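Given the coordinates of chain E, assemble chain L onto it according to the supplied hints.
Each protein sequence line maps, in turn, to chains E and L.
Just so you know, the first sequence maps onto residues 67 to 161 in our numbering.
Just so you know, the second sequence maps onto residues 17 to 557 in our numbering.
For the record, the hints were derived by calculation from the structure and aren't laboratory data.
Values in this document were obtained by computation on a predicted structure and should not be read as measured data.
Every residue, glycine too, gets a C-beta built ideally from N, C-alpha and C.
Please note that a few of the clues may not be correct.
Unchecked claim - List time: in silico EDC-like cross-link candidates among lysine to aspartate or glutamate, alpha-carbon distance up to 20 Å: (1) L:K67 - E:E113; (2) L:K67 - E:D69; (3) E:K83 - L:E45; (4) L:K67 - E:E114; (5) E:K83 - L:D46; (6) E:K94 - L:D46.
To be verified - Taking CB as the label site, the calculated pair distances span: (7) E:E114 - L:A258: 23 to 33 Å; (8) E:E114 - L:L244: 27 to 37 Å; (9) L:M236 - E:R99: 29 to 39 Å; (10) E:A96 - L:V88: 36 to 46 Å; (11) L:A30 - E:A79: 11 to 21 Å.
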Amino acid sequence: MTDPGFLVLASLADGEKHGYAMMEDIQKFAGVRLGPGTLYGAITRLEERGLIRPGPYRDRRQPYQLSALGKRRLEEQLAGMDALVRTAMRRLKHA
Amino acid sequence: MSRWIVWAARLYPAPWRQRYGAEFAALLEDSHPGWRDFFDILRGALLMRLKFPTAGKIVAGFALAFLVIAVVVAVRTPDRYMSTAVLQFQGGAGSDALDRLNDAQQEILSRNSLSRLIQQMDLYQAERQKLPLEDIVRQMRNQAIAVRLVGQATDANVPPAFSISFEYTDRYKAREVTGQLAQLFAGQTAVRGSRTVIVLDDPALPQSPVAPRRSRIVIMGLGLGLTLGLIALGVRRWPLVAICGAAAGAVAFTATLFLPARYVSTAVPAAQNRDTAAHLVESLTDRAYLRSLVEKLNLYPRERTKEPINDVVENMLTHAIRIQALNGRQAVTISFMAEGSGSTAQAAVRELVAHAIEANVTTAIAGASPGGILKVLDPASRPEGAVSCVCQPDLAHFDTQIWPPCGTNNPSVPGLCCFRWRRPERSPAPPLLRRVWAKRRPGPPKTGDQKAGSGIRPSGLNSCLKPSDSVALIIPRDTSKAVGAGPFSSRYTTSANRCSNVVTGPRSGTTMYSWLRPIRNASANASSRLSLWKICSASSQ
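So here's chain L without its partners, still in its complex pose:
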């Protein structure tokens, strides 16, 4: 017994044994300890070990704590199921198949399309309570949906096949959404070309989850714990260095509080061909236009008092505007970064997109460009934290397949601008908050037309339309009946895939808003989407 007691007493940490070891040994000699005392000594040694931390214990403690957290996280993370559908182009291979697939992918995975799908299928309920819809759309596009080519995509004799996968926590919804995406892809690629796409494999109900990889979460937690334990050791070993680092961090954090917040808005237009895309980029980097943009939106007021406008424009082009080809194809992302205000960034991107459209139309009519179609896949995004408006017109997309070009029969109309009215996608503020906002922000004085109750915001329309512009309105079939004899002159009728009537206006003497109000009301009554197409001002002359 005494041998076990001596062994247990050695488990006390060395600093403690140096101080109390001799007298503790004397106590053990006097008290003739038994088994109960043996366990009591073991318990005491363990408590003392915790009381006198060593490097190994610190690291092990952190590792153990994070291991426990990782296990809890791994257990609580819900299973994710993946459903996959396989589609194939029909009618032999062709070089345009992949192009059409890419175009369809850009269209279907655009913000508008995915937003509709999320709301239609009631996806991401919990996330939508916490995050803006745009973030959820981005997460869905980047993490949940995968479109992959199947087999030898480069073989010219084999019709390409591709798979569409969707990952979600509910396996039934995963299958349903995959089916929807497959239908959208099939429909979209068929619309854009002569060949059809068939669904080879319907999405099956996933049986086993594909995520989360719980062992990976646990290993990551353990690794993080070990790393933090080593950092804690360093802090303990070199406290002065740690204090200096913490002070520097606090100073840096305080400094960041005085820096203005930056907001980035992004839009994604896509051209029909590379030449049009190149022309788009060229038109957006035109210094004269950028100068007018700076003055129109009153950008950089402080810098403009100190520097010549040309330098301000160059700085803006270098630091604030980013124009980037997406996936090396015709789609282009246009981003603008503004300090202090998200709405400024959004307005700037709207202006840039509108200018690209107008430049494309103008040069096409003049015969100076190839006249490819411009299509806005994603309109100017609302930067996080920006004030959302009640009814915000959104630059949506262009399509010229149904439009006779500016009174001519030229089938290569370069661009038409389509507006769409939509309710804000964020969940509305609580009633009390709305009342407070309404009191605090009375808003701009209303014009006579607005007071009549149209709800159309002139600020949004003005980003691309002026009352003097000639515009074309594409009215869905049911809406056109409701509009009836409105203040428009109906010149064109076409049996397009989506629309039945094309009317132009406004008549001289009517303002843009009075012209649009009854159409919008009729559109709302018919619960259908309203599309407004703009022809450049030059075309109406």
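Isolated chain E, as found in the complex:
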């Protein structure tokens, strides 16, 4: 849940964002503040794997968006997590 790569993908799920916007968004929806080094480490890794792609520069800021592969990978991860959450919740109810 706190994997920086997953958080970046989750942040870009609703549209393209640049670095600072991602940092703010992740802190807002996940309660985790990614440092600049951690954030750009994740961005570098995700771009290398083709999961995100850069958009056109806007005032020295580089926005990123999910690629098709990144979107599919995010869906797979969320589905897995959803099954995990459902199972855990069901067991909690029966406990």
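Here is chain L on its own, set in the frame of chain E:
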């Protein structure tokens, strides 16, 4: 703060900064980073440095890795202690002292002597689980034992002194073995001459280790790491060259798999004087004998169909046989290299040694040679990988000090051949494996004598003895009682240093094996060593 942040951001590798530098700077401007972010940036820069390797990092990485390995090796290598004893010849200086020391050294540091010492003192336990005893003996002789002259060895007025050192991981055993070696040297040199050797300094218990030199191991590890790092750099810089090299190496390795394995067996006979040694070498390079050897052992069958036998013999003499003087003295190493079979190499060396003995005896009786004694310091070694036999007779050593020569009283009997039966020195195979081997290799059909249970292998005896040969048997005192009225005719009795009775045989009509069986059994019962001495066939005529 911002100055530190800018400095930390510069630590990112240049390729990364070219791609992400501008937007990263914009992010830092927007996010107003603090100390936590400073360390986060430092960590990110370090990870990126590892992600984008440079030449320096590759070399440094290899060096660091091997440095760590070297430190671990240096720490885990056990301490080795050296114990030293000092001995000195008594009764004034003499030119023969060094000769006697050298002779004693060859005798005591021979394979048989050291094997006995290893087993007696239970040395090299861990190594004996992994390596053949012969390798351990070689390692002990070359690395652990040192015999050095002390003081002015060339001064004719000063009796020479020498030191014996032994290095081992257990300091108590190091002292004990050094003491044993000192006693052996003292005894051996005393036996061979009129003057005695005394122990000047008894071996002391070593207090501090002499090895390993840990700093040297660490430096070597660092050097190796740097070298491999540079090689890795070269591979990265010129990958095509590296791929071609690796492919060539793979081809060469594959080619070596199709080459027949080569085995080398070595024996070390020593002559009493240089003339005898020269005669030994001459007899072994006799082309007529080598031709008969090739035919007898069926060597080089493929080459013999293509080339004349003389060419095969010349090639064998050039490439397969090596006769080399040891330390420039009378000891000679005889090596034979055979392809495909280690037992062939061993058999060839046995034949060569037996021929040298016979030639020495024959020419001495004919008065054509000086008649020096031949002594086998190391019998034909068993090449690594060769099949070991259950009970293998071994050509051991010669000694003529106690033997009346072939029915005459000539004290210069040139050579006698001594056989010794010993169990194989390698640890036995597991029972299951032994059963499998027994099923897969039934062995040659047994003769009547062998079925009777002697356990003596005719193949080994035949390497030097024939049933028609006249032989002499030296029986230790306790064994002679046990043998009693055996099928021998006792002709000689001598009070030699090691033996009490000398008998000859076999009688006509008895085979060699039936003649030897009860003696061997008696020897085994008396738990003593049995020595069989051979006189050349000509002497019995």
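Against the structure, the hints:
1. Restraint check: the Cα-Cα separation between K67 of chain L and E113 of chain E comes to about 14 Å, which is no more than 20 Å; the hinted pair holds.
2. A distance of roughly 19 Å separates the Cα atoms of K67 of chain L and D69 of chain E; the hinted pair therefore holds under the 20 Å criterion.
3. For the hint linking K83 of chain E to E45 of chain L, the alpha-carbon distance of about 17 Å falls within 20 Å, and the restraint holds.
4. For a cut-off of 20 Å, the pair hint linking K67 of chain L to E114 of chain E stands: about 12 Å separates their Cα positions.
5. With a C-alpha separation of about 14 Å, the suggested pairing of K83 of chain E with D46 of chain L holds against the 20 Å cut-off.
6. For the hint pairing K94 of chain E with D46 of chain L, the CA-to-CA distance comes to about 17 Å; that is within 20 Å, so the pair holds.
7. The given range of 23 to 33 Å is respected by E114 of chain E and A258 of chain L, whose C-beta atoms sit roughly 25 Å from each other.
8. Restraint check, E114 of chain E to L244 of chain L: a C-beta distance of roughly 28 Å satisfies the suggested window 27 to 37 Å.
9. Look at M236 of chain L against R99 of chain E: about 48 Å separates their beta carbons, and that is not inside 29 to 39 Å.
10. The given range of 36 to 46 Å is respected by A96 of chain E and V88 of chain L, whose C-beta atoms sit roughly 42 Å from each other.
11. Taking 11 to 21 Å as the suggested C-beta distance range, the pair A30 of chain L and A79 of chain E does not conform, at roughly 33 Å.
Violated hints, listed in ascending order, are 9 and 11; each of the other numbered hints is respected by the structure.
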